[in-house]
Every structure is written in C-alpha cells, then in structure tokens.
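Hey, can you work out the whole structure from these sequences and the hints?
Chains as they are written, first to last, in our numbering: chain A, 1 to 256; chain H, 1 to 170; chain P, 1 to 449.
Hints were generated in silico from the structure; no laboratory data involved. Quick reminder that beta carbons are idealized off the backbone N, C-alpha and C, glycines included. Please note that a few of the clues may not be correct.
[Stated by the list, open to error] If you want the footprint, here are the derived chain P segments under chain H, 3+ residues with CB under 8 Å:
(1) 140 to 146
(2) 194 to 204
(3) 275 to 282
(4) 349 to 360
[Stated by the list, open to error] Pulled a few chain P residues facing chain A out of the computed Cβ check, cut under 7 Å:
(5) 130
(6) 133
(7) 388
(8) 415
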Amino acid sequence: MSFMDTLRTRWQEYRKPGYYDEFDYAWTMTIDLDRCTGCGACVTACQAENNIPLVGETELARGREMQWIRIERYWEGEYPNVKLNFIPMLCQHCDAAPCETVCPVSATYHNQDGLNAQVYNRCIGTRSCAVYCPYEVRYFNYYDHEWPSPLDQQLNPDVSVREKGVMEKCTFCIQRIRQAKDTAKDDGRRRVLDGEVQPACVQTCATEAMVFGDRNDPQSQVSQSMNDPRAYHVLEEVNTAPSVVYLKKVEANVST
Amino acid sequence: MAINALGLFDAPSSALEAAGELKGAGFEAPEIISPIPIHGVEKVLGKKKNIIKRFTFFGALFGGIGGFALAAGTAVLYVHVTGGRPVIAIPPFLIITYELTILCGILATVAGFFLSSRLPAMRDRVYAPEAAVDKFAVTVECEDSEQFRRAHEILQNAGAEEIRELGGSE
Amino acid sequence: MSQREIAYSEVNDDIVRSLVVTGRNYYITLAVSILVTFACFFGPWFYQIQYGIGAAGMNHPTVWGTYLASFIFWIGLSHSGTLLSAVLHLTNSEWRKAMYRSAEAMTLFSVMVAATMVMVHVGRPWFVHWAVPYPNQMEMWPNFRSPLMFDVMAITTYMTGSIIFIYMGTIPDFAAVRDRTTGWRHHMYVLLSLGWRGTDTEWHRLHWAYTFLAVLIVPLAVSVHSIVSWDFALSIVPALHQTIFAPYFVVGAIYSGTAGIVTVMFVLRKYMKFEHLITKLHFDNLGKLLLVMSLLWTYINAVELFTGWYSESSEEYEALGFRLFGFYGPLYWEMILFCAVAPLLLISKRFRTSFVPMLILSIAINIGMYTERFLIVATSLPRQYLPDAWGMYYPSLVEILIMIGSFGMFTTLFLIFVKIFPSVSLYEVKETLPEPQPKLRTQSESGAS
Chain A
1 MSFMDTLRTR WQEYRKPGYY DEFDYAWTMT IDLDRCTGCG ACVTACQAEN NIPLVGETEL
61 ARGREMQWIR IERYWEGEYP NVKLNFIPML CQHCDAAPCE TVCPVSATYH NQDGLNAQVY
121 NRCIGTRSCA VYCPYEVRYF NYYDHEWPSP LDQQLNPDVS VREKGVMEKC TFCIQRIRQA
181 KDTAKDDGRR RVLDGEVQPA CVQTCATEAM VFGDRNDPQS QVSQSMNDPR AYHVLEEVNT
241 APSVVYLKKV EANVST
Chain H
1 MAINALGLFD APSSALEAAG ELKGAGFEAP EIISPIPIHG VEKVLGKKKN IIKRFTFFGA
61 LFGGIGGFAL AAGTAVLYVH VTGGRPVIAI PPFLIITYEL TILCGILATV AGFFLSSRLP
121 AMRDRVYAPE AAVDKFAVTV ECEDSEQFRR AHEILQNAGA EEIRELGGSE
Chain P
1 MSQREIAYSE VNDDIVRSLV VTGRNYYITL AVSILVTFAC FFGPWFYQIQ YGIGAAGMNH
61 PTVWGTYLAS FIFWIGLSHS GTLLSAVLHL TNSEWRKAMY RSAEAMTLFS VMVAATMVMV
121 HVGRPWFVHW AVPYPNQMEM WPNFRSPLMF DVMAITTYMT GSIIFIYMGT IPDFAAVRDR
181 TTGWRHHMYV LLSLGWRGTD TEWHRLHWAY TFLAVLIVPL AVSVHSIVSW DFALSIVPAL
241 HQTIFAPYFV VGAIYSGTAG IVTVMFVLRK YMKFEHLITK LHFDNLGKLL LVMSLLWTYI
301 NAVELFTGWY SESSEEYEAL GFRLFGFYGP LYWEMILFCA VAPLLLISKR FRTSFVPMLI
361 LSIAINIGMY TERFLIVATS LPRQYLPDAW GMYYPSLVEI LIMIGSFGMF TTLFLIFVKI
421 FPSVSLYEVK ETLPEPQPKL RTQSESGAS
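Written out as structure tokens, the structure reads:
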C-alpha cells in the first residue's frame, strides 16, 4: 500500500492551491499614499534600472508607452475646486494572478519567492496576459527598441534587453533580489535581512512612501506597515490577492 | 487460377436478385459494386459485422485517459504554479481530456475504417468502371470454367446487360 | 428535388465537367485572388514580422485587435460546414446532400485561415510551436491551464476532424472521377481514391465510419467555439467576463457560417452551373435556419446587455455604454441592423427562395458578424478597470490589408478545391434521385450466350 500512499500524498500536494505560501520569501511592497508626492522619481529610476526603452513622441501618442511603474492621476471636482489624486501603479505580483493562467507557454508564472515572473525568452507574444491583467501594468514590445549613443552606455548589464514581440513588466527588480540572496548565501546566512534589498523605485523614493520586504517575516518593516488600518488593495473585488499594499491617503476635513 | 464473373445490371433490384441467387447456388461471397449504397444488401448477402465501433470506442477511451495524463503529467514533470491554482487543476484539464478524447476517437475511427474495408488498396482488383456511374455490378469468384459457366447462366437469367470474364485477384 | 428527372450519368458528367473544363473566368479569378493574397496578406505580414507587431494599431490597453477579430470570424465561418453537415447526416436530411461538400470545404479553409491569423496575431510567430505539446530538450511543456492552450488543442482537433470528415465522404467520388479522367489528374485521383471500388462491404464500412465521425464532430464543433469564447470569458475584463459567452459564440458561429454557406452556394450555383443540383429548396431551408439563428443571436445579445445593466457595476456600465454609444457606437447599430433586423425578412418564403436577395442578405449578415467580433475586442479592452489606462484603438493600414488578404487566401484555397474535389457529392446526389428500375427484358437481349 505504500505506493498508493505515496500517490495519495503526491496527489494532495499537487491539488493544494496557492502553494507559494510555503516558500521562504513573499516579497511585498507597501505604498503610503499619504507620503507620495507624485514626483515620478520612481518612474525614472525604474526606467534606468531595468533598461526600459524610451518609445519616443509618435509611439507615445499611439498609446505605446513603456513604464513598469506609472503615476496614475485622477482629477476630482470642477475648476476651481479641483483636487489631484495620484497613485503609483506597478505590477501587483498577485498571488492569484489572472495573467499567469492564460499564458499558453508558461512564460509567466509564480516563482518560489511569490513573485510573478516573466520569462522573456519563452514569450511568444499572444498578449493575452495584458488583456487579463486588471491593473494594465504589462507592456508589450511592439518593435525592436533602440538606444541611440550614448544612451546605450547606461544600459544595466544585469537586466536583459527585450526583443520585439515580447511582453514585459515590473519584476520587483528581481536582479537585486537575486544578488541579495547570493550575498546572504556567501555570508552564510539563511535569509536575506530586512531592508537588505530594495527595488530601484523604493530606493529612489524621496519621501520614503514605499517600503519593500518579506511579509513572511512578521518583524519586517513591510509587515508592520501592512498592519496599518489604512492598508488596502487596489481592485480588491477582483480577487487577485495582490502583493502590493496601498495605505490610504487621509483626507483632511477642511471646508473650503 | 480463379476466374471472376462480373455481371452488369441497370437497376439495383436486379443486381440484388442476382447476388441472392448466386449465394443460393453455393457461390462464396458474391459482391455488389454499385455507384450508391444499396438498401437491403444485408437481407440478401447477410448481416455484416462491423468492428469500427470498437475502434471508435477504444480510441476515444485511450484519448480520454491519455489527454488527462498528458495535461497532469506534464504539469507534474515541470512544476510551475500559475495564478494560485493547484498544479493539477481539474476543470481546465477536463477540457484537454475532452478534446483529446474526440481527436483520438476520430483517428481510431479512420484506422478502423481503413482496416475493415481493406483500403488503401493500390493493386488491381475486380472492378467495372461503369459501376461508378450508373450500373450495378455483381461479381463472384469461380474456381474453374465449369463454375464460371454456371455463374454466367445465373447472371444472365437475372437480366445482366453484359457479363465479363475477369482475371483472378490472386 | 428537381424540376426534371436527372439520370445518374448526367450527375457524373456535370461533376467531371466542373473539374476538367476550366473557363477563362476561373483563371482570372484565381489569378486575382492569388495576387490579393500575396499583395495584401503575405506582403504586409512579412513587413510586420520585420518591424514587429507595432505595424498594427494595437496599443497599451487594447493589445488585441482585428487579427483576433478575424480569427474569431474565420473560426465562426467554419462552424456551419462540418457541424451542419454532421447534424443533417445524423438526422437523415435529404437536402443536405447537394451542398454539404462545399460547406465542409468552407469549414476546412476557414479553419486554415483562422490558424494563419493566430500566426499573424502573435508577437513572435517563429516560436509559435512552443504552444504545441511535444517532448523537447528544454523539458518545457505548454501550460494546459491556459484557455489559449484549450484553443490550440480544440483547433488542431477540429482541423484534423474536418479534413478527415470531408476526405472520407469524398473517397467514392474520387473513385468515380478517377475512371473518367486522364493524365496527371488520373494519377492524382488514383492516389486519392485509395483503390475504392464501391463494393457492398466498402459502402457498409463507409456508412458506419462516417456516422461515427459525425457523432464525434458535433460535440467537437460546439466545444471549439465555446473554447474560443473562453479566451475572452475567462478573463476578468468587464463586458468580456460573461457566462453567456460560450452559447453566444456558438450561436454566432453557426449564424455566420450558415450565411457563408448561402454565399458559397450562390456562387457555385451560378458559376459552376449546378442550377439543377442546388435549388430553391436549399435556399429555403438555409433561410429558415438563418432566421432561427438570427432570433437566437438577438436574444443572447439582449441578455448580455440586460445582465450588464442589471449588475449595476460601474465597470460594466462604462464598457457597455462605450460599446453602444462610444466612438464605435455606429458600428454597433450597424451590426444590430444587419444581424438582428434585416434577417427578419426571412419570414417571407418569397424572400427565402429568391437567390439574389438571399446573397445580399448573407453578405450583410457576415459583415455584421465581423463587426460583432471587432466590437468585442475593440470596445471592451479600452475600457477596463483603471480609468487612467483607458485608451482607444484604431486599426492600421497593415491590419486592414491583412484582413482583405485573408479573404483572398480563402478564395484561393476554395478555387483550388473546386478543381480537385468534386464540389457536389456524386453518390449522395444520386441517392436522392429515383432509383433506376429494371428495363423490360427482351428476347434478343437474353438470347445471346
């Protein structure tokens, strides 16, 4: 009966949903909208870190911008009583990501760190993931991008340059996470320390509105930050279980 | 060497009649070659067993099991989690199972058809080109000229328009 | 079935003539359609492969465009042929027999064009084989949890099934044509007919194999378009995430497919001179089917709008409002006019049995159905959850050319088909004719020995 037992345990293991919970890391980001000034430094940092192409004026006008993190702006009210709300929008690294299930070639999947990984080499460009993503944070390479000299000198050697016909998106700077894990291993530590790794956007944020860390560790800064009563997920109703947590902006009750 | 007698008829009813008489006279397996399927052949020449349905059934069964095994097996072979779903996710794999059931069912049916009707056959066999247009041919294999004479007689009495003597089909 | 008696041999003559005798018009049409295929399909596609998908008009929120609309359109067009043929075979409908061959061919070529549209659609068509499950040195397999993967399996199965179904039904006809042709045609038909003789055993086997195939193909065809609809319905995009989508697509597919058959029947009747084989009866029956399908389609459309409205969700409101009254609103109402209002004319028997009005209506229906598929893609994706990412999509020149080119490709394939396959089933048309009766035997005939 041992064979049947093995079969049963294997079956149960493979039938268990959401099995990334077991892994060491569950990288999470919190964004405090109270602190965010909408300066766009994160957008620039991301552009520089991840070799994101500059599409140019005509392509931008055709709606083919490339920004793994973007500042969404929402105007409220009529002039002169207008108010500007903004929210940085990046890949939410959903635990129940709709984009992952739809890829026919598994170019996007959930890796052991709870990250929503995108394998550029595997992508065949059906673009279904971008349709399925409710946050609209997947960007497609409509053609081969160029970095005219001297821009090609500043390309990050740790990040691959994507070819035409490939989908790309925020990776939580996976190259930095890799490096931090390697360093931890070299130093003989089992885990990456809290705050040891930061994506480019978090590193750049002048007001420290963004916090990045491992939510599996209850002591980490990000876990503390997630417990804030203001915490919420964008589009919680579509049940994607995102890994990016927003902290609501507190409205001052000022009568004008 | 065997000889084949082939009688051409202008109507299915007379061809059937001739075939029935040949069978009654002790000839082995007379065949009717016709431009359209004839109704009532079974009554005259006996019921035909058909193995195609077995092919279809087992093909579909193989496809069903194979389909689920393909989907589940490859998922287990290279585990990658997508969308928080289990590695072996039943509802989507059932769709793969469904499609492969039908695919293998179709392929097995074709195989069954080819095997049971002995096609493709590229060698020369007893045949009358008129039987693909508007004539109905009855053929029967005769062991010697004596038998051929008898067959000839039966065919002629049944109203054959033309009777041919064709070489044997080994 | 016809105004006058047709002899068996006349059917053979007609069909063989349609294969062997080729007029100048045929060559002109063929040349034009090949030209269109290369100029409008392969040319722009080559450019797009060189440049990237950017040659098309897709952009950030609307990453799917007319390529996918064309894909659904062609898959839909393929739906009547084999499905209708199989259903009518199983229900022993006599009127199927004169038209099913070309209907099945339509299926086959539509599926082929649709499969090509997938290649055009993807960003890296040179890697599209990764979506096929085959053992490889990377030990990577496709993701069977993906609705797109269901599509790959379903369309492969459907294409295989359709090829086999049409080929098997044609074997006796290949044999009949084999005996009447000479030269390279004869050699080709010798190979294609596989040595078929038409013995009672062969007919018996063919009947059963064909029936089993029909039984398998009916659920297959229904599943194929359901699965195509799940490419959309399994997403969480407002106005696409609808439970009604599977029946909606199946009904729409049969609807546009039947309209396509009417168009093809008209052309065959007119240019292949099959006036006595394809008659008013066929148009009457197809017209009735079209009417039923149009009513079903209208009903499902109404349900779709109703559930969207009743849901009271702001996203659904926005997406449906954009579809009905947005930039592409006029197209929506055109679709309603062509697919829901105009087909009501089919209530009249006089309309159903007049050929030219039926042709015009069938073309109008297919224009409407193309619009429907276009609107599904082009009005849902620009209005998703986050208003900041809203956008707009306009097809580019390359997309329009490729769409036109796909029609050229379909026509080319069909024109080649009518010269190789007997486009009307010989033996089944004969079956519908009165059986030959034995002539009175005269003494002189039975006297000779």
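Status of each hint after checking the structure:
1. 140 to 146: Three-residue rule met by the stretch 140 to 146 of chain P, so holds; n is 7.
2. 194 to 204: holds (count 11)
3. 275 to 282: violated (count 0)
4. 349 to 360: violated (count 0)
5. 130: Hint on residue 130 of chain P: holds, closest Cβ of chain A at ~5 Å, below 7 Å.
6. 133: With a minimum Cβ separation of about 10 Å from chain A (threshold 7 Å), the hint on residue 133 of chain P is violated.
7. 388: holds (4 Å)
8. 415: Violated: closest Cβ of chain A sits about 32 Å from residue 415 of chain P, beyond 7 Å.
The structure fails hints 3, 4, 6, 8 (numbered hints given earlier, in ascending order).
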